[in-house]
Amino acid sequence: MDYLKYVDGNSLLHKLDPRTKFMFFIVMAVLTSIVKSGVALLFLLVFFLVMWNVCGIQKYIFVLVKKLKVLLLFIFLLWFVLGLFEQPAVEGGPVFFQTFIGNGGMQICFDWYDFYKGFVYSLRIFLMIASFYTVLLTTNFSEIILGLQKWKISYALAFGIGLVFQIIPMIITELNAIMEAQSSRGLEIEKCSWVTKIKNYVTFSFPLLFRVISKGQAISLAMHYYQLNFSVHRTAYKNIKASKYDVYFILANAVAIAATIVLHIFFYIPV
Amino acid sequence: MEYKVNNISYKYTTDGPQVLKNVSFSIEQGKVTAIVGPSGCGKSTLVQIFSQVIPKLIGNGELEGSFDVPEGTFVSVVSQNPENQLFGYGVEDAIAFGLENIGMPQTEIVERMEYVLDLLKLQYLRKRSVDNLSGGQRQSVCIASVLAMKPDILIMDEPVSSLDPNGKKMVQDILGELRDSGNTTVIVDNNLVWSAGIVDHVVGILDGEVVFDGSRDEFFQNFELQEKLGVILPQEVEIYRALSVKVPDVKMFYNMDQARAELAGRTTAKTRAEKEAAAESFNPVIRVKDLVKQFSDGFIGLKQVNAQVPEGKIVAILGQNGSGKTTFVKHLNGLYKPTSGEVDYRGESILGKSVAQISKNIILVFQHPEHMLFEETVEKELTFCARMQGVDFTEENITEILTRYHLENEKENFPLNLSMGQKHMLTILSVLLSSADVILLDEPTLGMDGFLIGDLEKMVLELKKAGKTIIMISHEIPFVFRLADYTVILNHGEKVFEGTKEELVEREDIFDKINIEFPPVVRLSKELGLDEIVFDVDDFIAKVTES
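Sequences listed follow chains A and B, in order. So for the first sequence, my numbering puts the first residue at -13; every next one is plus one. So for the second sequence, my numbering puts the first residue at 1146; every next one is plus one.
No wet-lab data here; the hints were simulated from the structure. Every value quoted in this text rests on a predicted model; they were computed, and no experiment measured them. C-beta atoms are modelled at their ideal positions from N, C-alpha and C, and glycine is treated no differently. Any given hint could turn out to be false.
[Stated by the list, open to error] On the chain A side, residues computed to face chain B include the following (Cβ under 7 angstroms):
no., residue
1, 126
2, 128
3, 163
4, 167
5, 171
6, 173
7, 174
8, 177
9, 196
10, 205
11, 210
12, 212
13, 221
14, 223
[What the hints assert, rightly or not] Taking lysine-lysine and the DSS-like style, the derived pairs with C-alpha atoms no more than 30 angstroms apart in a straight line are:
no., chain 1, residue 1, chain 2, residue 2
15, A, 230, B, 1272
16, A, 177, B, 1505
17, A, 177, B, 1613
18, B, 1295, A, 224
19, A, 1, B, 1272
20, B, 1482, A, 185
21, B, 1475, A, 177
22, B, 1525, A, 201
23, B, 1556, B, 1156
24, A, 138, B, 1272
25, B, 1272, A, 45
26, B, 1295, A, 201
27, A, -9, B, 1475
28, B, 1525, A, 177
29, A, 185, B, 1556
[To be verified] Here are the simulated distance ranges between beta carbons:
no., chain 1, residue 1, chain 2, residue 2, range
30, B, 1352, A, -5, 49 to 57 angstroms
31, A, -6, B, 1263, 23 to 31 angstroms
32, B, 1263, A, 53, 40 to 48 angstroms
33, A, 15, B, 1444, 30 to 38 angstroms
All chains should be built: construct the whole structure from the sequences, respecting the hints.
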């Protein structure tokens, strides 16, 4: 299944003004940076799950989870291991194992909060990425450009950002095609060691680089054919404006954000 | 009125080779001009000069002469890959892009949008997203987006090279509409098969020089030059060319109606000889059993496909884009794992093996050479498969292959600097040293001129002679019928036919169903009542002249 690209649809999220979705991402990025309560983050996750299900994009989020699983596991383990070297900040949680190393008396303490800490940090990262991905899945690059322009961002920058979102799926498609082509010629990429797999990525990167350069050249030629000149005032065929759906979405988010903050205040554990 | 190409010479660098040498000709307003010539002859450079890419974007070359057009003349280009040219998510966004760039008021953009969508009969696509269009539809939208800007000259650079027969027909119809509405169009393509009926004027370029400048009919009668330029011609013209050598009074024809009229009185209908069933043994090298492929988004690519690939034969997989051809072929070399069903090679399942392991027996050459080439020299690229598979080869093997396929001077060169057709040929050549005895070729003629296609045909026949099995996907129907022994036809993921090409030509309903036409020699064999249906021009001429 495709990932990192817009998915055509007619859901509530698809109908929103792109600016509303940009704001959603910014607010969620700030919120997940601040909130460190497991309960509050779980509530936010449930809110997201409901939103994804209502809008029918849950299967694409599932693909994202699969792609992120190594990163999330790494974050979990990192904070889990760091937690082992710290005394539990809150008393009362079960301690599974405790010992001292060396003469200096470094303490290793394996307690319930080590799991909690790993879980909270990986969930925060996941929610932050997922909020961006939600916007990406439901906003096509033409809407991204229009939305950014409405925020008075210069057309050159807005077009550049929109173009990145147009090109990313192309690059992923190209990389997959190159991997398929090379393995079809006898390059082992399935039944081999991790070291060989990494070496193979170097092999793939060369034709990928050339494909990207050649696509870049083709796109710049096309810009010339279409007389794209950032110093000329552009007009717009389509307009974007907020609708009742934006109001519903903002209200739902406001309630969810308020509830998250309340839960954070009441259930925060300073680990 | 005419646009004058006035004595243009060009070098990309001061000390580089002369790419164009005193090129002069005229482009007549309201007419369709075709610029033809082999790969690397300078056609693309000329497009860059016409569209001002040289010197505006590429300014370090040496340009002499001029393209004389009235001030403010706007030249735009439709390239061969519409996905690199369409900006915007939806069809309307893509069409409006150029108009927004020139600052056109919204009301006028709306008018232009309606104008092009009506002109090109594309209203039904206007609410679709570009990503979901077929190749032909994308190219049509690309033409619409350029046409909306009302260019004085529209250049189409190999616009149908990657399209299936439906896509080609769509672009062909649009080109007809453009000519009827008085647009000035320049087609840069060495393949005149799809545009023969529409082109008015032909300019032939060889080694950067104009070697022909005249009408289409004059060009079609200049056999020596056609050969020299490696132009791919409609099979009707090939028939005329071969026939006129034997029958001097034959009148020029370049389409089916004219061919039918010209040949009708020259042949007598005979009863078709009942051919005895071939006594050849059918020894399948690959068996596909109840193959089903459902992708993770729910799309069913293949529906219960059963097929067998006979050993030592040339097998063509036919169907329109989206019919499941590539999905089918990717199951044969293990790139795709079936949702259910089996793929056996010599009676043993290939499931569970890696693609690299399977490649020792079944090897796939992709249609875009840039996905495959990554070594620093042509020689290393040629030996890549053999090295991966641990197959021995000698320096003599390398020299022999490169010499036979005219790449001996490129041995130490960087593969990506070759022409598109040469790059494609190199990726195909690289499987010659592998251990595989089944070779899958996906669109092997892509980017090739007439010379390279001739070499490819020879190579495929030699591989067959050596006992190898060739499976190919190709939209070039005359090429397929010349070479193939056996065909598998897919339509919307279902197998609708499997059998020899002799059996296939008896099933017109199948080709009607997939909306592909038999090659002219087959149709004429039937319509003229020849005693045997033939598949290539030489056999056809022999039959016509003997009757």
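Hint check results:
This hint holds: residue 126 of chain A has a C-beta 4 angstroms from the nearest C-beta of chain B, less than the 7 angstroms allowed. Annotation: interface hint on residue 128 of chain A holds; nearest CB of chain B at approximately 4 angstroms, less than 7 angstroms. Checking residue 163 of chain A against chain B: minimum C-beta separation of about 5 angstroms stays under 7 angstroms; hint holds. Because the beta carbon of residue 167 of chain A sits about 4 angstroms from the nearest beta carbon in chain B, less than 7 angstroms, this interface hint is met.
About 5 angstroms separates the beta-carbon of residue 171 of chain A from the nearest beta-carbon of chain B, less than 7 angstroms, and the hint is met. Residue-level restraint check for residue 173 of chain A holds (minimum Cβ-Cβ distance to chain B is 6 angstroms; threshold 7 angstroms). About 4 angstroms separates the beta-carbon of residue 174 of chain A from the nearest beta-carbon of chain B, less than 7 angstroms, and the hint is met. With a cut of 7 angstroms, the hint placing residue 177 of chain A at the interface with chain B holds, because the nearest CB-to-CB distance is about 5 angstroms.
A least Cβ separation of about 6 angstroms between residue 196 of chain A and chain B falls short of the 7 angstroms threshold, and the interface hint therefore holds. Contact between residue 205 of chain A and chain B, as hinted, is supported at the beta carbon level, the nearest pair being about 6 angstroms apart and thus within 7 angstroms. At about 6 angstroms, the closest approach between the beta carbon of residue 210 of chain A and any beta carbon in chain B falls short of 7 angstroms, and the interface hint on this residue holds. Using the Cβ-Cβ criterion of 7 angstroms, the hint placing residue 212 of chain A at the interface with chain B is satisfied: the shortest such distance is roughly 4 angstroms.
Proximity of residue 221 of chain A to chain B holds as hinted, the smallest CB-CB distance being about 5 angstroms (cut-off 7 angstroms). Checking residue 223 of chain A against chain B: minimum C-beta separation of about 4 angstroms stays under 7 angstroms; hint holds. Distance restraint check for residue 230 of chain A and residue 1272 of chain B: the Cα-Cα separation of roughly 23 angstroms lies within the 30 angstroms cut-off, and the hinted pair is therefore satisfied. At roughly 15 angstroms between alpha-carbon atoms, residue 177 of chain A and residue 1505 of chain B fall within 30 angstroms of each other, so this suggested pair holds.
Using a Cα cut-off of 30 angstroms, the hinted pair residue 177 of chain A and residue 1613 of chain B holds, with the two alpha carbons roughly 27 angstroms apart. The suggested pairing of residue 1295 of chain B with residue 224 of chain A holds, with an alpha-carbon distance near 21 angstroms, which does not exceed 30 angstroms. Proximity of residue 1 of chain A to residue 1272 of chain B is assessed by CA-CA distance (about 15 angstroms); at most 30 angstroms being required, the pair is judged to hold. Annotation: proposed proximity of residue 1482 of chain B to residue 185 of chain A holds, straight-line Cα distance about 25 angstroms (limit 30 angstroms).
Among the hinted pairs, residue 1475 of chain B with residue 177 of chain A is consistent with the structure: their alpha-carbon atoms are about 18 angstroms apart, no more than 30 angstroms. With a C-alpha separation of about 25 angstroms, the suggested pairing of residue 1525 of chain B with residue 201 of chain A holds against the 30 angstroms cut-off. At most 30 angstroms may separate the alpha-carbon atoms for a hinted pair to count; residue 1556 of chain B and residue 1156 of chain B meet this at roughly 25 angstroms. A hinted pair counts as satisfied when its Cα atoms are at most 30 angstroms apart, and residue 138 of chain A with residue 1272 of chain B qualifies at roughly 28 angstroms.
Between residue 1272 of chain B and residue 45 of chain A the CA atoms are separated by roughly 25 angstroms; this keeps the pair inside 30 angstroms, and the hint holds. Between the alpha carbons of residue 1295 of chain B and residue 201 of chain A the distance comes to roughly 26 angstroms, so the proposed pair stays at or under 30 angstroms and holds. For the given pair, residue -9 of chain A sits about 24 angstroms from residue 1475 of chain B by alpha-carbon distance, which is consistent with the 30 angstroms threshold. Annotation: proposed proximity of residue 1525 of chain B to residue 177 of chain A holds, straight-line Cα distance about 24 angstroms (limit 30 angstroms).
Taken as a hint, the residue 185 of chain A and residue 1556 of chain B pair is honoured in the structure, with Cα atoms around 26 angstroms apart against an allowance of 30 angstroms. The supplied range of 49 to 57 angstroms is met by residue 1352 of chain B and residue -5 of chain A, whose beta-carbon atoms lie about 54 angstroms from each other. For residue -6 of chain A and residue 1263 of chain B, the Cβ-Cβ distance of about 26 angstroms falls inside the hinted range of 23 to 31 angstroms, so the restraint holds. Taking 40 to 48 angstroms as the suggested C-beta distance range, the pair residue 1263 of chain B and residue 53 of chain A conforms, at roughly 44 angstroms.
The hinted range of 30 to 38 angstroms is satisfied by residue 15 of chain A and residue 1444 of chain B, whose Cβ atoms lie roughly 34 angstroms apart.
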